[in-house]
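*Asks:* This is what each chain is made of:
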Amino acid sequence: MLVIEHLVKDYPGKVRGIDDLSLTVKDGEFVVLIGLSGSGKSTLLRCINRLIEPTSGRIVLDGIDITAANTTELRKIRRNIGMIFQQFNLVRRSSVLTNVLTGRLGYVSPWQSMLRHFGDEDYGRALINLDRVGLRERAHQRSDRLSGGQQQRVGIARALMQEPKIMLADEPVASLDPATSHSVLKYLQQINREGMTVICSLHFLSLARAYGTRVIALKGGRLMFDGLPSEIDQRRFKEIYGEDAVEVEIQ
Amino acid sequence: MSTTVGPPAPPVSSRLPRSVDDVTGRSARAILADRQTRSAQIVRLLILLLSIVVLVRGWAVTEIDLGKLANAQNAGPILKALVTPDVVGRDVTQTELRVPFQVGLASAQPVSARTPTGQSLTVTPGAAQAGDSVELAGAGFEPEGEAQLRLDFGTGRTVLLSRIPTDTQGKFDVEIAWPGANTAPAGDYFLQLQSTAPSGPLRASDTLQNALGRIGETILLALMGTVFGVLLSVPFSFLGARNLMGGSKVGMGIYAVVRTFFTITRSIEVLILGVIMVVIVGIGSFAGVLAIVVHSIGSLGKLYSEAIESIEAGPVEAITATGANRIQTVLFGVIPQVIPEFLAVTIFWWDHNVRMSTVLGLVGGGGIGYLLIQYIQLLQYNQSATVLWMIVAVVTAMDYASAAIRSRLV
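Respectively, the protein sequence lines represent chains P and L.
For the first sequence, our numbering begins at 1 and goes up steadily by one.
For the second sequence, our numbering begins at 1001 and goes up steadily by one.
What the hints contain is simulated information worked out from the structure, not anything from laboratory work.
Hints should not be assumed to be uniformly reliable.
Short, incomplete list of chain L residues facing chain P, as computed with Cβ under 7 Å [as the list claims (entries may be wrong)]: (1) E1175; (2) A1177; (3) I1254; (4) P1315; (5) A1318; (6) I1319; (7) Q1328.
A few chain L residues that don't get close to chain P, going by computed Cβ distances all over 12 Å [to be verified]: (8) A1130; (9) S1133; (10) T1155; (11) S1299; (12) S1402.
Source: prediction; values computed, not measured.
Ideal Cβ placement from N, Cα and C applies to all residues, glycine included.
So here's chain P without its partners, still in its complex pose (with noise of 0.2 Å):
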């Protein structure tokens, strides 16, 4: 269970990224994050795993408090914790197995990494999240020889390394064609179903009420809505987007 209170973000200078937000997530939903470009989607996302540092409040996964951990706890926390990108983020001159690899890096001493080495377990559990993603005969290709699809499954291969309890998702599909983000919500919804929480962002509300099994509406910073997909209704699209947005469909 993830549990956040009273989370602040402030930018030096700029606008309150995160202000005075707080919600919990139950295991095993698919939490949708919906808002406009900068009403702190991506910020809350990377304050859960403390890419970005919050200011206040606290964050805390099954019991850990994450906002407290020292650099050593941080690390482990970090383990359950998987992520995948909008740009993939993977290392574009390096194997699709050497990227699925380094979501083993929290687990390996770093003097065992120092020489690249990796064990044979972590070298199973490549090959299971390569299969898992379809990917298995992409392993030594490299990376950015991948579809951006393909590049996206290898992020969410990398991420299962963790073997993670929650997994987070920022825009994973806003960089993708209509198709692709599809198959690609599938892999994330399958996971779901197995039991792994996802809280995942996204520009498309019907995407949102076709995976989402709860949506959570950002504005500003704040905390708009927060209920099932269904409840959504113009009247709510038109508070959470503005008055002159428009719904855009994709199929």
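Place chain L on chain P using the hints.
*Replies:* Showing chain L alone in chain P's frame:
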């Protein structure tokens, strides 16, 4: 009322009016000129005036005198030497020719001799009295060399009569006045001509061989300097990259110290470092290597740091998110991204260091510059030209090769 349709109006751009403002009739240029402030115009004028003053002052201070260039007397031999570098030569051997000669007779048939290797001497006439004029002609000797003419008494005793210079084709044709009876009383003698002559096939001249050896030394000097420069600068370059060190006060402190260190080592020119190193370890290539190393640390470190700063941040963020620590993040997120750029920078810098190494010899730092300064000081322009062309050839080749390799890497 007719409703004829006229030709379509021309597009707007083709009927721009000369005067834009209907009331004042002012042109667009005049209207836009108003947008410039008066002070900006004055500042521009001042900068122009100041530039002219500085250039005039510079002309005077540096004593620019184009007349000197037109009347340069030394330019001729140097330019001539540039197109006739000393690159091929033959072995040189001692030769000796002997012809019989009678002293005390008024006249006789000319006498001549020839060696198996092609040198010849003809003496006309074959006899002489004191004060007579004797003509000596020869060919096949070393060009621009010297021959010694000796009188052989036949008893093992010889007397030097004359030193005869040879021309550019290795020939000579001179007349000498026969000395008096004090030197050579009447009787039978031999005239002996000792000289040097080229022999054997054409081969690389000694100068070319020296230059080849020294240019090889120069390339290796640059290589050793680059290798140690790389080894010392790569570790520091990670500490001098803002994207890796930012985020904490300690990190930014280390960053500032490393970058300052780079700037200091980079700011001292190679030649000055060469002078210092020669004082420390003595004349020779080692001093040159040390100078190159110190100079390279700063420049390579800066270039490497900038390469690290230009990487994509995304993969580093993603690897940090997996729970990797800082060292692991660098190993798996940074190094794979910077390898091509690092290689390109290193090859470029080796190429640059070869150029630097060619002048290090001028201050005793080894390499081909050492040879060049010796030839120049001895006024051996043809030999200097050989060295210069060697430098041009190697630097051009390195430049081309390094560009070709870099274009494949990046």
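*Asks:* Would you mind marking each hint as holding or not holding in the structure?
*Replies:* Going through the hints against the structure:
no.: 1; hint: E1175; result: violated (83 Å)
no.: 2; hint: A1177; result: violated (87 Å)
no.: 3; hint: I1254; result: violated (17 Å)
no.: 4; hint: P1315; result: holds (5 Å)
no.: 5; hint: A1318; result: holds (4 Å)
no.: 6; hint: I1319; result: holds (5 Å)
no.: 7; hint: Q1328; result: holds (5 Å)
no.: 8; hint: A1130; result: holds (95 Å)
no.: 9; hint: S1133; result: holds (88 Å)
no.: 10; hint: T1155; result: holds (89 Å)
no.: 11; hint: S1299; result: holds (25 Å)
no.: 12; hint: S1402; result: holds (22 Å)
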